[in-house]
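Letter by letter, the chains look like this.
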Amino acid sequence: MRHILSRISLTGMLICFLSLTRAQELFVYTEPASNMPAKSVGLRASNWLMPDNQTHTINYQFIPEVMVGAGRKLMIHADGFFSNQNGHFHAVGGGTYLKYRFYSSDQVNRHFRLAAFGRLSLNNSAITQEEIDLSRFNTGWALGIVGTQLLHKQAISASVSYNRDYNNGAENKIPPGQADQAVNYTLSTGRLIFPRNYENYRQTNLNLMVELLGQDLVHSGGSYLDLASAVQFIFNSQTRVDIGYKFQLYSTMQRTTPNGFMIRFEHLLFNVL
Amino acid sequence: MKSLFIYLFAGLLFIQNSSSAQVQSVSLQAGGLTCSMCSRAIYKSLKKIPEVSAVKEDIAHSTYHIQFKNPDQISISALRKAVEDAGFSVVRLELKTKFDHQEVRNDSTLRINDQTFWFVGIHPQSLDGEKSLLLIDKEFLLEKDRKKYPAVAAEDKASGGDKVYHVTLLAS
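Residue numbers (this note's numbering), protein chains in the order written: chain U, 1 to 273; chain L, 1001 to 1172.
Hints should not be assumed to be uniformly reliable.
[Stated by the list, open to error] Below, a sample of chain L positions facing chain U; criterion: calculated Cβ distance under 10 Å:
#1 Gly1032
#2 Ser1039
#3 Arg1040
#4 Ala1041
#5 Ser1045
#6 Lys1047
#7 Lys1048
#8 Glu1057
#9 Ala1060
#10 Ser1062
#11 Lys1081
#12 Val1090
#13 Arg1092
[Said to hold, decoys possible] To spell it out: a stretch of chain U is covered by chain L in this simulated footprint if at least three of its residues, at any positions, have a beta carbon under 8 Å from a beta carbon of chain L; those stretches are:
#14 30-43
#15 200-209
#16 231-239
#17 259-273
Honestly, the hints are just simulated from the structure, not real lab data. Note that the structure is predicted; figures quoted are calculated from it, not measured. For glycine and all other residues, C-beta sits at the position ideal for the given N, C-alpha and C.
With the hints as constraints, model all of the structure from the sequences given.
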């Protein structure tokens, strides 16, 4: 009950924040319902620096990612997972992510969009926590839906997804009794700090993002809620640098790296396909 | 006297034939965006069209002023596709068109730049100089703005089966 109340109050706080801000939808910890341009390619490198509360070391993960605008409604990501788990930096897996925008209503400076997304990941890391994270730690698949409303520079995005994980290979099995299914949900907003007025594409954009990231394990009843905030720079309307920090608001499940930094570089290549 | 009539008739024919209309440039507003990265995606997509010579962006209003290498080769459908490929929609498209003694009237069609335009919401007049034509088909104008003009049929076709663009004249 306490968790439900805290979720409701945090959601309320986020909505209040939304009403005061000029938001952007290029979220850092989640994807909006919009896609990248067709025939364009995005190159992304994410660096996760998260203290591991079991080994008391810094867990470093490097995730290079190629994003392709396959059509005006479909985008595809392919990513690799590298980690310093077990003391040495090595490849632990890879994955693919698809997003299909199936509804779009555009007006001047506003839109409402819905997209379906799916992820398929392979990972051979040791399973050290109950949390299911197909973007970094687990083998499995996810299916979800995301809705994004943009209203005169104010955006809100929410998603829900079903996640199913499997053994990370024959040697890293899910511990007996541990949940292998989860429902993830997110609520995101962002604020444009600079420039106050758009004049040209060379102006550096500065955005602040705030996102709520939650998970409920199916059957076992464990759950967590994280608050992630990020500073985002966009250079030349083409290159993004995100610096984010995520921390746990509450959790009733065992997690090894709930808090920490994420630094991401992203560059968009227009019309290269 | 007879030859005078012939000259007068030829002169009238010449006047008739000298009427013309040609699209000079396009002003296009896109919908569904605010960020400059999104705006640049549309800009890049428009610039990629082979017939486009220059695009001047107005990021704050999501509007693009488009010039063409050869005004005879303006493809409205290519402009729309470029915006939609970037992930957005056209919410307003104006054709800056140069007229020379061009008679127009309501519910009549006119071939301009090898495309067929159907005039609505106008009174009969002769057009001279640069005028702005507003596309009022649903793919090019917001619903709330379309309501200001007479309803048009999406299935209207030109005599050759080509697509017809419904336009009205904007006050200059």
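For each hint, the structure was consulted:
{"no.": "1", "hint": "Gly1032", "result": "holds (3 Å)"}
{"no.": "2", "hint": "Ser1039", "result": "holds (7 Å)"}
{"no.": "3", "hint": "Arg1040", "result": "holds (4 Å)"}
{"no.": "4", "hint": "Ala1041", "result": "holds (4 Å)"}
{"no.": "5", "hint": "Ser1045", "result": "holds (6 Å)"}
{"no.": "6", "hint": "Lys1047", "result": "holds (8 Å)"}
{"no.": "7", "hint": "Lys1048", "result": "holds (5 Å)"}
{"no.": "8", "hint": "Glu1057", "result": "holds (7 Å)"}
{"no.": "9", "hint": "Ala1060", "result": "holds (5 Å)"}
{"no.": "10", "hint": "Ser1062", "result": "holds (7 Å)"}
{"no.": "11", "hint": "Lys1081", "result": "holds (9 Å)"}
{"no.": "12", "hint": "Val1090", "result": "holds (9 Å)"}
{"no.": "13", "hint": "Arg1092", "result": "holds (8 Å)"}
{"no.": "14", "hint": "30-43", "result": "holds (count 7)"}
{"no.": "15", "hint": "200-209", "result": "holds (count 4)"}
{"no.": "16", "hint": "231-239", "result": "holds (count 3)"}
{"no.": "17", "hint": "259-273", "result": "holds (count 3)"}
Violation of the numbered hints given earlier is absent; every hint is satisfied by the structure.
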